[in-house]
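*Asks:* Here's the letter readout for the chains.
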Amino acid sequence: MASDYYYTSGDKAGQLKPGARPETNSDDVATGLPEGIPPQPDDHESTPYRYDPVAGAWVKLID
Amino acid sequence: MTYGENGSVIGPQNLPTTSAAPGVWSLGEIAESVRDGIWPAPFRGWFATWNPGIYTDTGDASSNPQIALDSSDNIYISCSTRDSSASMYTGAIAKVQSNGNGLVNNNRFDIESGGTQESIRLMGLEAAGTNLYISGDQMDGTGYAWRAKLNSSYAVQWFGDTAGDEQYVQSGQNTYANTDMKLYVSPDEVSAIHVYYGYLTAFSSYNAIMMPIDPATGFNMNPTTSSTNYYPVEIYAYPTSMGGYINGAGMNNGRFAYMSRAYSNSYGGYNVQYGEVDDGIYSGWAGMQSARMTPTGSGGSFAGVYANSPKIGPYRATGTPGEYYWNGLLDVVGGTYNGTLYISKWDPYTGGYSGWSLGYRYAVNAADSPATPTMFNCDSAPINDSTDTYTYFISRDNGSTPTQNYLFKHDVANQANVWQRKILIYKTADGYSGTNNAYFRKLAIDSSDEFIYGIAAINTNGTDQQECVVFKLPVDGDGSGTYTVGDYTIVYEASTATGTAGDILTFTTGADGQNQATHTSSGTLTQTVTQPTATWTKG
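Line order of the protein sequences matches chains E and P.
Those letters in the first sequence? Residues 1 to 63, by the numbering used here.
Those letters in the second sequence? Residues 1 to 539, by the numbering used here.
Hint data in this document are derived by calculation from the structure and do not stem from the laboratory.
A couple of the hints might just be wrong.
[What the hints assert, rightly or not] One side of the interface only, derived from the structure: several residues of chain E facing chain P at Cβ under 10 angstroms:
hint: 1; residue: Tyr6
hint: 2; residue: Leu16
hint: 3; residue: Arg21
hint: 4; residue: Glu35
hint: 5; residue: Gln40
hint: 6; residue: Pro41
hint: 7; residue: Tyr49
hint: 8; residue: Tyr51
hint: 9; residue: Ala57
hint: 10; residue: Leu61
hint: 11; residue: Asp63
Positions of the beta carbon are idealized from the N, C-alpha and C atoms, including for glycine.
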């Protein structure tokens, strides 16, 4: 079964064909936080937090 | 014909179940079959609790449970166990008798540095062949991720990487794991991807890494050590300080895929980023097909509609195109379908990044619960049976007082529910009206597609418990009832979540990721396996 998106034989089998891969923002990296998001907790470098958009707060990921 | 086997009917055998006895039965046969326990057929599944017996003081608790079946259907379970007074974690692994009557063995897995016990969490358990692949993190000091391979006797086959036993996304920066960001291994033990996350100073946030490793050695396959084109990949947010995490991942014998609740300013905030690649991540980010979606409906806006903790499970077919197929499971937040649980098949081989179809969504029915739930949550990935005919998944509602779980048998190809059951767990003495939660972090199915298995960490009446709840349930959905399991009551019965077929996904490009270049391995650790006395109680 041929695929429009993947090589199916040869040394590139399983790899995406040119043009099949969505573009990315890999070369366009912005740092900082978006407007309206509170600052990360002071200990965020040692303790992982993830922003909870429902709670509107940074939530600790470990005990 | 032996009585009780076919109800006096000549032809294909009709076996009685717990609820039906097909065929034509004489009164005598009925009496004999009831007398001999042939019909109603006894419930072939079980519910049980497991306390690994490592930290057993008041306040100690178990978390991050995992379950896996090896190639002979031996049942393995694991968890992290916490000593609350010492703020110390360690790992537990056990092997369960198939009939649920007890444990074959019970083990404590410790990691030491310089002869001193490390505070480690065991959060990933995969069985392949007759081997066990475990992974987790360390919680004391600068956190690190770890991975190991054990044989069926729990002897360590390898631990860590050739460059060191502690895995970091960046040297000197805290690195962690969870029950989604863990070590994944292909069933044929040819490939493995170690997923973990850590702090990146350049991004001022925590970001996940997907690291291809050799399951025979544990070594990463990055060009710096093996001169190949297998690259680790990281994903991140836009802007980067929002962090990049993986909520769900899976792999089969050919492919690996992930899903993430991702933030991007360019797409109105949160959405779902997902990707798929060969099981060695050949060519790294350039070889990964990664994109964005929102469960908002065809042509809908990305703004504010996402899945809170999306999961993805592989199809089990081998070769092309079966190994490219995935089932995504989304707990939708925002928009028209807010609160629903949505399952859809992804066929990137035929349809590329937008090749999702056969969607079906479930809406929680408050009448199923003593509380008033409005949403479904995802805690574990969907699993397929061996022929990819049926998919099983479990979801937790947000009732809180109590929260229930819902187990679904779903026919993806025909966009149809086969059956659904709710599971309520509480301490009998406390009743169910307090805060009660069960977190089922992994499901498994046996090789003959007869039983599904699950394990949960539990919080009853607002308190994390030392016991994990383990179940083995027949795939026909039999066994509804109320089970007393030691101090706990478990109610397993039909539920009525509303199901609706239809595709609700909208897609775009613009995924954020790149080859991960700052990862390091360092340190030397030792491991010990001992056998504490566990408490196993079958209901």
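*Asks:* Please list, smallest to largest, the hint numbers that this structure does not respect.
*Replies:* As far as the earlier hints go, 6, 9 are violated by this structure, in ascending order.
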